[in-house]
Each structure stands twice: as structure tokens, then as C-alpha cells.
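For reference, the chains in residue letters:
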Amino acid sequence: MTTKLALSSILCTTILGSAAYAADITVPSGDEIQKYVDQAQPGDTILVEPGVYKQSVYIDKPNITIRGLRDGDNWAVMDGELIRNDGIITSGHSSTIDGFFVKAYKGNGIMTQGANNFTISNNYVEGAFYGIFPQYGINGLITGNTVSGAEDAGVYVGMSDNVDVFENIAFGNVMGLEFENTRNGLMANNHVYGNSAGITLTLIPGLPVKDANNLVIRDNLIEDNNIENFAPASSIASQVPRGIGIGIVGPDKTTIENNEIKNNGTAGILVADQTLFGMSTDPKNDPYSDEAIIMANTFSGNGEDMTGILGDLIKQAGASGLDVVALGKGRGSCLANPDEVASLGTDRWETCDPSLSAAEMKTAMIPGGAEEPVYTAEQKGRLTYLAVCTGCHTYDSVLHGPSMQSIQALYKDNADGMIEYISEPVRKREDFPEMPPQAYLGEENLNAIADYILNELGG
Amino acid sequence: MRTKILALTLLGGIAFPAVSDAWQLSDSCPASHQKLADGTCELVTLYDFYASPDQHGGVQAELPELLSGRFTPQQIDLGRILFFDPILSAEKDMSCASCHQPERGLSDGRKRSLGATTGAARTELPRSTPSLWNVGFQPRFMWDGRAETLEEQALLPLFSEVEMGNTKEGVETALLDNPAYVQLFDDAFEAPPSVERVGTALAAFQASLVSFNSRYDRYAHGDASALSPQEVLGMNAFRGFVGRCSQCHIPPLFTDSELSVVGAPENDLGHADLGAGALNTDEPALLGAFKVPTLRNITRTAPYFHSGQFETLDEVVDFYNNDRGHMAPEGQDLKIHWHVHMTKGPQLSKEDMVNIVAFLSALEDETLMPTVPEKLPSGLTPVPGL
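Quick mapping for you: the protein sequence lines, in order, are chains A and B. Counted the way this note's numbering counts, the first sequence spans residues 3 to 461. Counted the way this note's numbering counts, the second sequence spans residues 291 to 676.
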């Protein structure tokens, strides 16, 4: 029986890694950052001196902080020169990426892939397809960044859970900030201006994550999002209507509260179905935006320069100057003080009860961090044996390697000798293929495996 | 004694033991599986030590849900025997392994599969044979996604006139007439042979075909030396947002199992396949959509794409970098996937392209390739030549 317990990842940042003392590692100005990343141990902080770094950085180990040191306007600049793919990509849990000026990459500026408990803070990202893009992460914080010039979203939280986006500045992007196929997110105190669309909450079909919900957009300043949509013609982003403050397309349980939303030419807030922009359908997606809560926002000057298909639709309805436009079949939505909000399509909406307020919500993150499965040493030894060793060894016969019985006899009362061998195997017998080194499993796991093989494993 | 001897047959490398009086099924779970209290086998991989959102992505990420369910060692072993036995075909001349050949990465090395014999030659089918690694995780099967479970899929080639050409009655009669199979089904299911149980056994066996111990996996679990410097560069281009390969070929499975429109060219016979669109005529977005294949062991299964349009992985990477959907036949109004349909022309460098191909070889792991039975209850040859 496998018993999976849950424990805070703060207590257990790496399952397979070995414990190490945290160190500060300084990268001299202009040196190759990757070299220092490769040498770093989980827990280390890599300090990058101001200077220009014409390179990309990839981090595949947990609990690494990489920080650009800044001296006034003198940043640690990651420069893609429009020839490199991406600026910084990390897959490691509990990564922090802080303080870089990232510019001129063809792909993304800063990306996390499957990294839980991430922090992306105080960076300035210019250009790129997405400026800051955490994907497949549980629990993260994006704060204090400035993003501009992204051909899609400046900050794009994709297929993630429990993410806070606080106090960022987004301008000159096709979309300023976006939650896409994300569950549990909070965007607060951001300044989002001069994009084609300010903030978008989307459910995109055909992705592995099939839902989006529980997203709160609160206390943001969202203004003048009217620039020409400059996304490549083939991309989904090219369908984003220009002149929208906030767009909700697909997600359920969204709250738009206490934002200042002004001078967005087509409409302040758009609530629509997934199908509106020609996206394909996905039988596993609910395409309707249900249970939107729109309350206590300040609107002014919206809908006074309507453009595009959406602008035409509004004009055909004989309306203009709209703060809220609801199209489609969503259910269970509400609007507070409907008499004070210029709206279209909200006839079926309820009036929001004040108790729905998210004003007291402090964070969408998980207290203590994302959970990870936790196993006892006995379980780790047995499970690792099953997962790795049984590919080549059986108990009592020869497969790709010798039988475990013969190995038990060889290392009887000598666990250390066995650990030494499996960490750095040397070819002992001509008739067997060389065993791959297993040192990466880490000291704790290797001890557990040796204990399991020598003391537990039977026929 | 029974347990240990028969475990060998499943764990590989060893000939099926000579059992004079009766056929017996393994009582042990395949490698990388543990036997649970209910008697079924549960897959164990190092990815179990991680946590990620419901789905997947990233390097140290949890595997998505195993959709196949769990099976007993006896059901898995019976599935293995059936998989290789031409008794399931009408003419007793094809087994599952005729196309899913162990020595060819569980595929057949052909542009398009060979089916039933009509006249002097075997029929060439319109599509290629997909590999079977890690199929237990997949929510849909066949290039056009027309089957939703392994059980459902397993019966399609059995009953296809251009493939194994059999019928429910044909399959059941052949198995019921064979005393060894009657006994083996009783051991596995406590019930006589039926097509449903054939489907279950084949599903059980195919779900045991797992590959999660490649050099890439060792890298993912923390062994930085498991990949060469060139492979690391290739991996970085693979997951970067210019190449975007990993957006659909998502690790650790290296597929998202979705239906995707990539705008492949017509095949060398001039045929343009509508894929899932042919089954869903009211859904224009599925026109030209095919299931995203896993890239695990992809080096073993050339040629590539649903009809062998590309001979090598270099050609495939070149297609995605240079043409990305723009080789679709004239007049096909396809909704090309947004990660594919780029309008800016080639964006990856020549080095990136070469490095990506190098990286793909790090996804090779066939250590759990099943053993071909030396003898079958039917007395037929396990993998008949085509």
C-alpha cells in the first residue's frame, strides 16, 4: 500500500535532492550565468552583477533564487538580440527570479514550466511573445514587474493554480495581464494601460487543463487600453478586441471589484462565451462565462471609440459609452448598482449582494506552499526499487543485469559498498551492459534503496 | 514455484518455459509495477514523487491520471499471449504484433500499415501504425481519436475487414475451441473466452507497456550528466517558446493526447486525409486533426506522421520550423493549431533544429519491452511475416 501524506513543500522542497547549505554565488558582470546555475545547489542564491548578458538561462533544479543586482538604472540585462529563443526558463520548484531587465527575445522573456511555489519579482521585461509566463505551476507570486511590448500577454498565467499578480505595470502589450485556464488567482493593485486589451481571463479550448475559475481582479487601475492589436495574424491573440479594459471569455466564478476602469475605447468590461472569437469548441470545456461578479468599480470614459467586430455589434444594438457588455449564455452573474453602470446584455443578471465582496481576500496562494507527496524511507526505497531497478533486475534471474539475489549475497552487511557502487557503477562483468549511475537519486534515497534491497526484498 | 517460473516470461529476456501439461499465466506484476492487496498491478515511476496541477508539464512533474485502470498479472499475461497470437485474425495470418512489432519500436517501419490479404498481396491501409508506449495514459486512440478506451480500440482492427477481418463469433469460436485458451481465460477472468474479455486482456497488456527510464528521465530526476551538452541545448530549444514543441508534446508523456491540426502535406500517393474531421463533419475545427503522438522512443518508429509523410526526424523538425501548417493541400480550409501556424517564417536556428533531433534520441527507453512468447496455445507463429 502506498500512503501519500501531504506536507508543506517548505518543509520538503526537494524529494530527490540532498540537503545542502545555502550559499550566495555571485556572477561577475557579463559572465556566463548558466555556468553558475549548473554549479548551484538547491537553496543557493545566484547574484548577477549589473551588466549585459547576451545569453539564455535554464534552471532544472529546485529552490534556486536568481537575482539581478541593480545599481540605479544599471541593471543585469538579459539581451536576446532578437536571435535567442527565451530569456530565463525554470522548471525547478520554489524558484525565485528577481530583478532582471529582459529584452529582445523571440520567444518568452521569463517562463516557468511545471514549477510550483515560484516568485517572479521586480523584473522589467520588454518585447517577446509573452513577457512573463508561468505555466503548469501551483502557487506563485508575480509582483513588482514591468512588462511591455509582448505580442500576446505581458503577464500570462497559463494552466496554473493559486497565483497572485500584485503591483505590476503592464503597457504596450496586446494583452496586459492574463489568467488562462487557471484556477484560483488574484490580480490586485496593478497598473494596466496602453495595451490593446487590459486584463483578460480566458478558457482556451484544446489544452490539457479544461477549466478556469475563482479569479479575482481587484483594486487595479485599468486605463487607455486602445492600441492596435499587433499580434501575428495566425495567433489567438490576434482575435482579441482592441479597446477592452477587462475581458472574461470562458472562466466561471470571476470577481471584478473596486477597479478604476477608464477610457477603454470599446468597453470597460466584456463578458463573453468562448465561441465569440472563432475559437474551436472542446467537448470537455464549458464555453460559457458563468457567475461573474462585477461590483464597486469606478468607470469613466469607456466605450467612446468603439472599433472592430465587437464595436460593430455594440453599435448595431444602438449603444455606446458602455462600462459592461455581456454577450452569450453565461448564468448566475451579478452587477452591483446596475443603475450607475452603463451596461448592455445584463438584463438577466442579478444585483450583487454586498456579501460577495472579495475586498478582504489577501491572497490566492496556498498557506505554507503547494503540497507534495511525502513518503517514508521504507516507501521510497521500495518505490524507487520498483520504478528504476526492476527495469533491469529481477529477484532470482538474470535480466539486463544480475539477479537481486546475487547482489544481496555480494553486499550482505555492506550497504555502504552497495551505495558506492550504484552511485558510480564501473563495468564489472563483460556479459552485462554497463549500469547507469544513480547518484542523482540523492543520499537519502540511496540509503533507503540499499536498506530495502538488503533487508526487505524477497522472492 | 509457479509464480517464479512464470514471472520470467513477463519480465523479459527468457524463453517461455516449457509447460507440458498446461499453460499457466504469470502471478507476478510486470517490472515497474507493484501488486496491490486487491491483486491488481499498480505502475510505479519516479514521477510519483512529484506534485503538479491536474494535468502535467515541466520537468519534475507528476504523471497525469492513468486512464487504463489496473489489471491482474494473469490478465496482463493473457493479453501478452493474445497480442502475439494470429488466432484472433480471420485467416489466422495476422496478430496485433504483425504491425506492432517489438523489434521496430512496437510499430512496423512502414509509411502505412499492411492489412488483410486481398488477392495476391496485402492491402495497404491509409495510415501508419502508432507505437504503443505509455498508451495507458491516453484518453483517445487511433490517429483520428475514434476510440476512447483501450478495450474499445483493441476490437477495431480485429473486426476491420481490411485488417484482421474477424467477427465476434469468429474470435469466440476459435478461442472456445482451444482448450488451453479456455483454461487461460478461466485463470484470468474465471470465465470463458469472449470478445469483451479479449479486449480487456489486450488493454491490460498494452497498459503495461511503459517507458519512463530514458536518459531524459534520469536528467529530469536530477542527473545533469545524463544528457550530452548538445542534447541539453536541444531540450532547451524543444521547450522554448520559439519551437514550442513541448506545448503539445508535453513531458513527461511527451504528448497531450489532444487532436491537433498541424497542416501536414498530402502523402506520397497524393491523398489528403481529413483525420478527425471525417468523423465529425459538423466540427470544422477538427478538419485535418490527428492525435498528437508521444515522442518517447520516436527514434525507433520512422517514417513519421499519419501517412509516413516524413522519412526522418530532421524532416519533421524542418516541417515545423519552415512550413508549420503551410504544407496543407490547396483548398483544405484548416484551422491550424495556434502553436503551429506561425506567420513569421522559420524562427529556429539551424543549430536548434539539429540539437532538437539529438535530444529526441534521449527519449529512448525500451527496457520494459515485453518478451515474445516462443509458443502459443494456437500453435501459430507469434509474429507472422507480412
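Hints may contain errors.
[Claimed, not checked] Derived lysine-lysine pairs resembling PhoX-like cross-links, with alpha carbons at most 20 Å apart: (1) A:K286 with A:K212; (2) B:K640 with B:K382; (3) A:K212 with A:K255; (4) A:K108 with A:K255; (5) B:K640 with A:K56; (6) A:K255 with A:K317; (7) A:K286 with A:K264; (8) B:K625 with A:K108; (9) B:K625 with A:K286.
Treat the hints as calculated values from the structure; they're not laboratory data. In this text the structure is predicted, and so the values were computed from the model without any measurement.
State the violated hints by number, sorted upward, taking the hints as numbered earlier in the document.
-> 2, 4, 6, 7, 8
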